[in-house]
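Asks: Each chain, letter by letter, is given below.
There are 2 protein chains.
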Amino acid sequence: MRHKPLAVVLVSGGMDSCVTAAIAAEKYTPAFLHLNYGQKTEQRELRAFEEIAAFYGVKKKLVVDARFFTEIGGSSLTDETIPVKKADLDFQGIPDSYVPFRNANILAIAVSYAEVIGAVKIFIGAVEEDSSGYPDCREDFYRAYNRVIEEGTRPETHITIETPLIHLKKREIIERGLSLKAPLELSWSCYQAGDEACGVCDSCALRLRGFAEAGREDPIPYKVRPRY
Amino acid sequence: MRHKPLAVVLVSGGMDSCVTAAIAAEKYTPAFLHLNYGQKTEQRELRAFEEIAAFYGVKKKLVVDARFFTEIGGSSLTDETIPVKKADLDFQGIPDSYVPFRNANILAIAVSYAEVIGAVKIFIGAVEEDSSGYPDCREDFYRAYNRVIEEGTRPETHITIETPLIHLKKREIIERGLSLKAPLELSWSCYQAGDEACGVCDSCALRLRGFAEAGREDPIPYKVRPRY
Numbered sequence: 001m002r003h004k005p006l007a008v009v010l011v012s013g014g015m016d017s018c019v020t021a022a023i024a025a026e027k028y029t030p031a032f033l034h035l036n037y038g039q040k041t042e043q044r045e046l047r048a049f050e051e052i053a054a055f056y057g058v059k060k061k062l063v064v065d066a067r068f069f070t071e072i073g074g075s076s077l078t079d080e081t082i083p084v085k086k087a088d089l090d091f092q093g094i095p096d097s098y099v100p101f102r103n104a105n106i107l108a109i110a111v112s113y114a115e116v117i118g119a120v121k122i123f124i125g126a127v128e129e130d131s132s133g134y135p136d137c138r139e140d141f142y143r144a145y146n147r148v149i150e151e152g153t154r155p156e157t158h159i160t161i162e163t164p165l166i167h168l169k170k171r172e173i174i175e176r177g178l179s180l181k182a183p184l185e186l187s188w189s190c191y192q193a194g195d196e197a198c199g200v201c202d203s204c205a206l207r208l209r210g211f212a213e214a215g216r217e218d219p220i221p222y223k224v225r226p227r228y
Numbered sequence: 001m002r003h004k005p006l007a008v009v010l011v012s013g014g015m016d017s018c019v020t021a022a023i024a025a026e027k028y029t030p031a032f033l034h035l036n037y038g039q040k041t042e043q044r045e046l047r048a049f050e051e052i053a054a055f056y057g058v059k060k061k062l063v064v065d066a067r068f069f070t071e072i073g074g075s076s077l078t079d080e081t082i083p084v085k086k087a088d089l090d091f092q093g094i095p096d097s098y099v100p101f102r103n104a105n106i107l108a109i110a111v112s113y114a115e116v117i118g119a120v121k122i123f124i125g126a127v128e129e130d131s132s133g134y135p136d137c138r139e140d141f142y143r144a145y146n147r148v149i150e151e152g153t154r155p156e157t158h159i160t161i162e163t164p165l166i167h168l169k170k171r172e173i174i175e176r177g178l179s180l181k182a183p184l185e186l187s188w189s190c191y192q193a194g195d196e197a198c199g200v201c202d203s204c205a206l207r208l209r210g211f212a213e214a215g216r217e218d219p220i221p222y223k224v225r226p227r228y
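Protein chains in written order, with the numbering used here: chain G, 1 to 228; chain W, 1 to 228.
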């Protein structure tokens, strides 16, 4: 078998990261990186991460304790006192689930890890459209970040960020995942933990709408399956 | 008293960060941020951080557990198996105390914190010359990072990084600190922990040489005080 270069893949355990892993695995040997940052779904996401890693036979993986997000606070994903809102897909602006500058923190850890293990790429499943206004999910942000990596790493290090989903719609991500036989049944997108996804948070709503548009049935179980 | 805007100051507890805090405190209300990242001198640095914070009457301060550096490894500051080298001020290249992409991680945390508390500046005591080749201590790196902050934060957020020491020599930093009455006696620069600084690591060597060049006596105790 041909030697494939190493790539760090950020795997939250959600569907987008699952499809991103499938794309990375085509040309690279994936090293999986996951962050626990005090999110309510931490254990459920970690299970999805481990199951997707096992599916792809990943040998290098790292789970990082980034709980400082909870200490910094300011977000409904990390602050217990702010309830998760029901989905409102017409909402404009930055949702209260925004962890300030989250992806810059994640990328910094990924670059440190990549430089140590000798990976040449960092794959992240950021999506510009579906990310409802998170400023650090836009292509311009990743372009600026690549420049920071170039400036801030050893001269002989050449690591760039890949965002293969950045311009895709949820429907297209699902179709891409299905064509690559990504294990979507192992992924977890819901903002609540449990054996079944809630079906009503923003993340469930986007996922269910995507499957509806793709004309496919989402393989994971839901408490309720509204039509979006 | 005039209201001063908030600025996050990265305070490792070392001399450079002590002088940086003094500079920040002239025009801003400082909020102190410190990282524990598994460095051997963690407890000693934390003591210096707390004492400098008390000196400036700092109300907002955050100590972050960034121990993931240890998990990622690859550096003599975090990896117990790599010994700290004796000083060699003529060494060219990147020293083995380099934590890959460390400052990008620190800045990401600082920006998240700054956005939550409403700070407008991030002060970091990076020094281009004395940092013996750390790629993330150069001005170009900070310029690129300011662009990432602009792209990756809320549209109404305007945070920029200030590097007031970036082009100074150690002697000039010491002179600046003395003129601002910075509590240099509370700072800790040595790569070893203890009641007295070792006097022989890179960091002690740079500090002692700086004081010698400034014609002043370093107020902290040393085990040995070589002439550099």
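By construction, these hints were calculated from the structure, which means they are not laboratory data.
Treat the hints with care, as some may be off.
[Said to hold, decoys possible] Okay, derived cross-link-like pairs now, DSS-like style, lysine-lysine, Cα gap no bigger than 30 angstroms in a straight line:
1. W:K169 x G:K60
2. G:K60 x G:K27
3. G:K223 x G:K59
4. W:K40 x W:K59
5. W:K4 x W:K59
6. W:K4 x W:K169
7. G:K27 x G:K40
8. G:K40 x W:K27
9. W:K223 x W:K27
10. W:K40 x G:K61
11. W:K4 x W:K40
12. G:K40 x W:K4
Just so it is clear, the structure is predicted and the values come from calculations on it, not from any experiment.
Asks: Run every hint past the structure and note whether it holds.
Replies: Quick rundown of the hints versus the structure:
| no. | hint | verdict |
| --- | --- | --- |
| 1 | W:K169 x G:K60 | violated, 42 angstroms |
| 2 | G:K60 x G:K27 | holds, 16 angstroms |
| 3 | G:K223 x G:K59 | violated, 34 angstroms |
| 4 | W:K40 x W:K59 | holds, 27 angstroms |
| 5 | W:K4 x W:K59 | holds, 13 angstroms |
| 6 | W:K4 x W:K169 | holds, 29 angstroms |
| 7 | G:K27 x G:K40 | violated, 34 angstroms |
| 8 | G:K40 x W:K27 | violated, 39 angstroms |
| 9 | W:K223 x W:K27 | violated, 37 angstroms |
| 10 | W:K40 x G:K61 | holds, 25 angstroms |
| 11 | W:K4 x W:K40 | violated, 36 angstroms |
| 12 | G:K40 x W:K4 | violated, 37 angstroms |
Comparing the model with each earlier hint shows violations of hints 1, 3, 7, 8, 9, 11 and 12; every other hint is respected.
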